[in-house]
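Chemist: For reference, the chains in residue letters:
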Amino acid sequence: MSLIARFLEAQGIPTLCLASAFDIIEAGNPPRVVFLDYPLGHAAGKPFDHENQRLVLRDALDAFEAIGEPGSIVRLRYRWSDSDNWKSQIGNPSGNDVRAPRGTEPVYQTEADRKAAERSSGAHSPT
Amino acid sequence: MTVMYIASITERYKSLGYAPYRWFYAEGPPAFQPLRKPLSESRLGVLSTSGAYVVGQVAYYYKDDTSIRAIPNDTPTGQIHFSHITENYLENPRKDPNCIIPIDTLRAAEADGAIGELAPQLFSCMGGVYSQRRVHEEMIPALYEGFRSQAVDVALLVPM
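Just so you know, the sequences run in chain order U and D.
If you're matching positions, the first sequence starts at 66 in the numbering used here and goes up one per residue.
If you're matching positions, the second sequence starts at 39 in the numbering used here and goes up one per residue.
One or more hints might be untrue.
[Claimed, not checked] Mimicking EDC-like on lysine to aspartate or glutamate, the simulated pairs with C-alpha atoms at most 20 Å apart in a straight line are:
hint	chain 1	residue 1	chain 2	residue 2
1	U	Lys111	D	Glu125
2	D	Lys75	D	Glu155
3	U	Lys111	D	Asp142
4	D	Lys75	U	Asp124
5	U	Lys111	D	Asp134
6	D	Lys133	U	Glu116
7	D	Lys101	U	Glu170
8	D	Lys75	U	Glu134
9	D	Lys75	U	Asp102
10	U	Lys152	D	Glu129
11	U	Lys152	U	Asp88
FYI, nobody ran anything at the bench for these hints, they're computed from the structure.
Build out the structure end to end from the sequences listed, making use of the hints.
Modeler: Written out as structure tokens, the structure reads:
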């Protein structure tokens with residue numbers, strides 16, 4: 066993502082990365098970062114917690130306007146839970162970061178999705 | 039203390055016998071384009087690298103898929119599904135896509151006037167592409183064209 070941010074910014078489009086993997090985003094050094102210390106997959110807030118999602122986005126947008134120094138990282142104060150136990154689980158190399166096999170066939174969330182996509186491509190006569 | 043994802047994923051790949059992933063380490067400071075106007079007057083584009091797609095679209099494949107999807111900004115979240123190599127991180131996004139692609143949250147921000155306008159289409163792609171060359175040559179030009187076609191003033195990027 067940092068590669069993309071740096072490119073867009075160089076083309077004149079201001080960017081903000083809303084990220085939850087600090088080491089990865091720090092290494093990529095994009096123009097503006099808001100860091101939310103939540104497990105990967107939740108950079109925009111907690112599921113079904115609309116107030117939390119609203120606050121995260123509000124703070125991110127505030128930072129977007131406030132950051133004036135290239136490469137700044139603004140840390141949000143929200144905590145995933147009272148305890149940080151989730152960090153040791155997720156950061157453990159034998160933990161649950163399961164990488165699926167890398168193939169060249171689309172991987173659908175559901176079988177119905179596959180059928181829906183096949184119907185759509187049929188309807189639009191693929192080239 | 040934050041989670042050391044690079045170290046743990048590198049270790050995991052090694053244990054699985056995968057080729058090491060080449061993390062992007064930036065050389066030099068990033069470009070910086072100051073905002074030209076307040077966000078309340080700006081059209082905001084979005085990119086999510088979570089592997090989001092709309093039901094009816096072709097999903098992503100897991101070996102260096104550099105393709106992108108356009109997600110209309112009025113898509114109901116129930117129609118947003120995901121395919122991404124790191125499937126274990128998708129458990130909650132699959133229940134509530136807003137935790138990784140904040141589409142309802144952004145529509146509310148537009149209604150509140152916090153942003154001038156949400157771009158008609160949001161974009162998504164899958165991260166974890168091994169080839170930085172292909173990211174440069176295939177993914178980035180497509181995204182740049184996409185953002186230009188949407189006439190965005192600013193872009194919010196939400197990595198997986």
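Chemist: Run the distance test for U:Lys111 versus D:Asp134: straight-line Cα separation, threshold 20 Å.
Modeler: holds, 9 Å
Chemist: Just to be careful, I want the Cα atoms of D:Lys75 and D:Glu155 compared with a cutoff of 20 Å; is the pair within it?
Modeler: Cα-Cα ~13 Å, so holds.
Chemist: Starting from U:Lys111, check that the Cα of D:Glu125 is at most 20 Å away, please.
Modeler: holds, 18 Å
Chemist: Quickly compare the C-alpha distance for U:Lys152 and D:Glu129 to 20 Å and report which way the hint goes.
Modeler: Judged against 20 Å, a Cα distance of about 17 Å means the pair holds.
Chemist: Is U:Lys111 within 20 Å of D:Asp142, Cα to Cα?
Modeler: Roughly 13 Å separates the two Cα atoms, so the pair holds.
Chemist: Holds or violated: are the alpha carbons of D:Lys75 and U:Glu134 at most 20 Å from each other?
Modeler: Measuring from Cα to Cα gives roughly 17 Å; hence the hint holds.
Chemist: Starting from U:Lys152, check that the Cα of U:Asp88 is at most 20 Å away, please.
Modeler: Given pair U:Lys152, U:Asp88 holds - Cα atoms ~13 Å apart, limit 20 Å.
Chemist: For D:Lys133 and U:Glu116, compute the direct alpha-carbon distance and say whether it is at most 20 Å.
Modeler: holds, 17 Å
Chemist: Starting from D:Lys101, check that the Cα of U:Glu170 is at most 20 Å away, please.
Modeler: Holds, because 9 Å separates the two Cα atoms, which is no more than 20 Å.
Chemist: Would you mind confirming whether the straight-line C-alpha gap from D:Lys75 to U:Asp124 stays at or under 20 Å?
Modeler: holds, 18 Å
Chemist: Taking 20 Å as the top limit, are the C-alpha atoms of D:Lys75 and U:Asp102 close enough?
Modeler: violated, 29 Å
Consistency note: the structure conflicts with earlier hint 9 alone.
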